[in-house]
Amino acid sequence: GAVVSQHPSWVICKSGTSVKIECRSLDFQATTMFWYRQFPKQSLMLMATSNEGSKATYEQGVEKDKFLINHASLTLSTLTVTSAHPEDSSFYICSARTSPSSYEQYFGPGTRLTVT
Amino acid sequence: AQKITQTQPGMFVQEKEAVTLDCTYDTSDQSYGLFWYKQPSSGEMIFLIYQGSYDEQNATEGRYSLNFQKARKSANLVISASQLGDSAMYFCAMREDRNSGNTPLVFGKGTRLSVIA
Chain A
1 GAVVSQHPSW VICKSGTSVK IECRSLDFQA TTMFWYRQFP KQSLMLMATS
51 NEGSKATYEQ GVEKDKFLIN HASLTLSTLT VTSAHPEDSS FYICSARTSP
101 SSYEQYFGPG TRLTVT
Chain B
117 AQKITQTQPG MFVQEKEAVT LDCTYDTSDQ SYGLFWYKQP SSGEMIFLIY
167 QGSYDEQNAT EGRYSLNFQK ARKSANLVIS ASQLGDSAMY FCAMREDRNS
217 GNTPLVFGKG TRLSVIA
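Chains as they are written, first to last, in the working numbering: chain A, 1 to 116; chain B, 117 to 233.
Simulated from the structure, these hints should not be mistaken for lab results. The beta carbon of each residue, even a glycine, is placed where N, CA and C say it ideally should be. Mixed in with the good hints there might be a few duds.
The list that follows gives simulated cross-link-like pairs (lysine-lysine, PhoX-like), each with its CA atoms no further than 25 Å apart [to be verified]:
#, chain 1, residue 1, chain 2, residue 2
1, B, LYS186, B, LYS132
2, B, LYS119, B, LYS225
3, A, LYS41, B, LYS186
4, A, LYS66, A, LYS55
5, B, LYS225, A, LYS41
6, A, LYS14, A, LYS55
Label-pair ranges, simulated between beta-carbon atoms [to be verified]:
#, chain 1, residue 1, chain 2, residue 2, range
7, B, LEU200, A, SER73, 37 to 45 Å
8, B, ASP145, A, ARG112, 46 to 54 Å
9, A, SER18, B, ASN174, 25 to 33 Å
10, B, GLN173, A, SER15, 16 to 24 Å
11, B, THR121, A, LEU76, 46 to 54 Å
12, B, TYR170, A, GLY16, 48 to 56 Å
13, B, SER157, A, GLU59, 40 to 48 Å
14, A, ASP65, B, GLN130, 50 to 58 Å
15, A, THR114, B, GLY178, 15 to 23 Å
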């Protein structure tokens with residue numbers, strides 16, 4: 001199946017710093033990628049939909065100035081957590097469809113962010 | 117309103133037995149897709165099975181089958197011959213087929229399955 005990678009797989013940062021998470025589609029082009037956040041023992045909550053070459057669409061309650069998304073190419077989307085705080089500690093997962101006409105959707109392995 | 121409801125926070129099943137994980141959904145769209153994913157402790161999301169709203173046959177993938185009851189808006193996952201490696205979180209998800217294929221998956225709260233030897 002299609003492969004989606006994320007980097008880093010885990011990161012620890014100090015409060016107030018920024019962290020960038022990369023999501024890559026390795027063997028297909030993804031015009032749209034989705035970013036999810038998962039707190040411990042909870043479900044995946046959609047943060048934003050990332051579209052190549054245009055601004056991301058954020059879900060209600062997600063601060064676009066805090067969670068910067070850049071979808072610069074058909075294979076790369078980045079999520080930058082700016083001025084991170086301990087409450088931003090979470091598991092961040094990206095996802096992409098192989099094509100709009102295909103039902104298949106693949107997930108990256110996730111990035112565990114811990115803010116101290 | 118919650119679009120995907122999984123009412124079983126946790127389930128136990130004996131090894132080699134079958135287990136059903138419940139999922140109901142809510143949508144007014146005619147075209148949609150239903151998914152089940154497995155999430156082991158490592159965190160990766162593993163795709164298990166897909167059912168399209170227009171599919172008349174229940175989907176099957178190896179030991180996984182989806183009991184699709186459209187009128188009741190339910191999409192239960194049946195795992196046959198449970199194995200110890202099946203212990204994980206299981207998420208039901210739906211995607212409404214609109215917006216030129218850019219509609220995201222919406223997830224239920226999940227069911228933690230524990231397989232007992």
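**Message:** Under the constraints set out in the numbered hints, which ones does this structure not fulfil?
**Reply:** Hints 1, 3, 6, 8, 9, 10, 11, 13 and 15 contradicted; others consistent.
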